[in-house]
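Residue numbers (my numbering), protein chains in the order written: chain A, 18 to 312; chain B, 3 to 410.
Just so you know, these hints were derived from the structure itself, not from any lab. Watch out, some of these pointers could steer you wrong.
To be verified - Okay, the calculated beta carbon distance ranges per label pair: (1) Q138/A to F408/B: 43 to 51 Å; (2) T386/B to F88/A: 49 to 57 Å; (3) V91/A to T390/B: 15 to 23 Å; (4) D150/A to Q375/B: 15 to 23 Å; (5) G206/B to P304/A: 39 to 47 Å; (6) Q407/B to D116/A: 39 to 47 Å; (7) R300/B to Q138/A: 19 to 27 Å; (8) K77/B to P304/A: 29 to 37 Å; (9) L152/A to P399/B: 49 to 57 Å; (10) D291/B to K106/A: 52 to 60 Å; (11) D383/B to G191/A: 51 to 59 Å; (12) Y380/B to Q138/A: 21 to 29 Å.
Note that CB positions come from ideal geometry on N, CA and C, so glycine has one too.
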Amino acid sequence: MTEIFGIPLQAFLSQLLLGLVNGSFYAMLSLGLAVIFGLLNVVNFAHGTFYMLGAFGAWLTLQYLGLNYWFALVISPLAVGIVGIIIEKTMLRWLYKLDHLYGLLLTFGLALILEGMFRQQFGVSGQQYQVPDALRGATNLGFMILPNYRAWVVVASLVVCFSTWYVIERTKLGAYLRAGTENAALTQAFGVNVPRMVTLTYAFGVALAAFAGVLASPIIQINPLMGSNIIIVVFAVVVIGGMGSILGSILTGLGLGVIEGLTKVFYPEASSTVVFVIMAIVLLVRPAGLFGKEK
Amino acid sequence: MKRKLISALVAGAFALAPVAMAQQKPAAGKISDGVVKIGVLTDMSGLYSDLGGQGSVVAAQMAVDDFGKTVLGAKVEVVSADHQNNAETGANRAREWFDRQQVDMITDVLNSGVGIATGKIAAEKKKLIMNVGAASTRLTNEDCNPNTIHYAYDTYALANGTGKAIVKQGGDTWFFLTADYAFGHSLESDTGNVVKANGGKVVGQVRHPLNAADFSSFLLQAQTSKAKIVGLANAGGDTINSIKAANEFGITKNQSLAGLLVFITDVHSLGLNTAQGMLLTDGFYWDMDDQNRKWSKRFFDKMKKMPSMIHAGVYSATMNYLKAIKAAGTDDAAAVVAQMKKMDVSDFFLRNGKLREDNRMIHDMYLMQVKKQSESKYPWDYYTLKATIPAAEAFQPLAASRCPQFKK
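Pulled out of the complex, with its shape left as it was, chain A reads as follows:
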């Protein structure tokens, strides 16, 4: 059998694919962070919490409204987006003129409060959510049996990520956004309602996290800690990709998922640290990140 670095090709390919699945989550989450940071200059530490809220949103809509996965995929991000609007309008907007640290502390505090509330209410063992009927079963790819649901996660996240990239980089709306990022006062002078754009951007960013949460809910146990478990890695992804770079965060997310997946085969003990080792190297060699520009 063909071998790569001492492991069978089949195993190698299947681990690559699994890495891509995890990378999809990193990509969606780091994209949201990048968009928010780009326009608001806020390091959204509550991002993991919104991911958790998204997953709980899916569970709650099933439990209390009896609505299935496909509804949850729309309702949950919308609801979380509204929460985002409220937070932006009532709290975050007072902090834009201050140092990053204030925004970080506020969102970190919010994260602790929301997480604590859910832990109090639901405990940490978590809730279970079934894979929707249409995506049950698995496909034999020759080198591995891939559950259909995991394939759907990759497709859905790629579509969402690249549509976001397209809107921001290639449309007029995106041009306004980018102009707002560059110089808010001047953009406002041209008649663009910048404050509203900022609010909606934040709502969109957190809705993206919630969307990732709904996608994750059939795969892992829905649990109040799921956000804080993943968010530190996502921050590392953003630092590696370069803060504020849209395409950078998508590609880095996918790439690091794959690298992490391969580490799980070669030296599993290091799989939770490999991302941070890469982060340290990138910071030394290219402090602005792989795709970032030094301001």
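Position chain B relative to chain A; hints supplied.
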């Protein structure tokens, strides 16, 4: 600006631990500082907080209330803290409790890393740890000391119960999925030894980080190994997510999972459809008999969930500690331990219980099987008792001890 941002990110990664208030009390009689303080050191917010956490604090308080709230005329108090599954945090808290807050005994101490670190502090300060929550056999072997009692269970007992039963049923090739810290390693090696001793073979293992986000990659490696049994040498949320991913990837079709440390809270969270048929070893099941049901229903009224082995163990440990103080006439740790070795400690939790010379509490353990959905008649009706493992056989024999003091 970039630099500021990075330092901001780093700053955000640190959270402040809550600091309890110190209290001074006048001395009275044979009780040091005039108060008996029991510290419940547990995982309050992390992946093990459903197994111990607030439930352990409630259980300790129930024991204090049932005992009458005073011993030898001194007041008994319960304090609690979160060790955040961090050995250093736990050790610092233990040191502060013993040095400055008159804590006499610490219990629960879920997490073997924390258990080993705090055990050393107790030995240094001549205080007592009644470890209910941690599983590693190192507590009574390599890291043994006269001030640590290992109370409820250990990896040997789990391995011995579940491992032996599965090999006897024909599951003779094993692959381990192991949590990469003291507890996981200990559970893996103890189970491996049982498997080999009963004629089975261990074909490989993969070590995953604690709190891993995704298990599919590790499970695929288990699948490639072609072992009949995939042994889950992990606990809590890690076990739950392993079982879920194993179902998703169809691994359970050709291979069987052996949950080596599965708590009733895990089964509750997974649901019987996912967990059914699994064999597991437990030290306590709420629905085993009237005695257990009676206590468990009182616990349920307070916590709205049935107690785990750890909750029941914390109650029993606290109760026996207070009884031993009363009988010994002092709260001096050495005297209390000596007293506990002499007296009858059996209660609803400790059936045929005895505190052995090496500070290992031995008692009957139980081999359980998770019921099918159709067999479960009422909430929390989850287990069928397959076998009772007598106290004398359940734990590592004293002759095999690796504790320097008892090494043969």
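- Query: Does the hinted range 52 to 60 Å hold for D291/B and K106/A at CB?
  - Reply: Check passed, 58 Å falls within 52 to 60 Å.
- Query: If you check the beta carbons of T386/B and F88/A, does the distance land in 49 to 57 Å?
  - Reply: For T386/B and F88/A the Cβ distance comes to about 39 Å; the hint is violated.
- Task: Look at the Cβ atoms of K77/B and P304/A and judge whether their distance stays inside 29 to 37 Å.
- Result: violated (59 Å)
- Range agreement (Cβ of Q138/A with Cβ of R300/B, hint 19 to 27 Å): Once the Cβ atoms are compared, 23 Å apart, the range 19 to 27 Å for Q138/A and R300/B holds.
- Is the distance from the Cβ of V91/A to the Cβ of T390/B consistent with 15 to 23 Å? violated (53 Å)
- Is it true that Q138/A and F408/B lie within 43 to 51 Å of each other by Cβ? holds (47 Å)
- Message: Can you tell me whether the CB distance of G206/B to P304/A sits inside 39 to 47 Å?
- Response: Given a distance of about 42 Å, which is inside 39 to 47 Å, the answer is holds.
- Query: Is it true that the C-beta distance of D150/A to Q375/B lies inside 15 to 23 Å, as the hint says?
  - Reply: holds (19 Å)
- Item | Assessment of proposed distance window 39 to 47 Å (beta carbons of Q407/B, D116/A) | At 58 Å between Cβs, range violated.
- Query: Lying within 49 to 57 Å: is that true of the beta-carbon distance L152/A to P399/B?
  - Reply: Since L152/A and P399/B have Cβ atoms about 52 Å apart, the given range 49 to 57 Å holds.
- Task: Return holds or violated for the Cβ distance of Y380/B and Q138/A against the range 21 to 29 Å.
- Result: Cβ of Y380/B to Cβ of Q138/A: about 24 Å, so the range 21 to 29 Å holds.
- Item | Consistency of beta-carbon spacing, G191/A to D383/B, with hint 51 to 59 Å | holds (57 Å)
Figure legend: structure checked against the earlier numbered hints; hints not met, in rising order: 2, 3, 6, 8.
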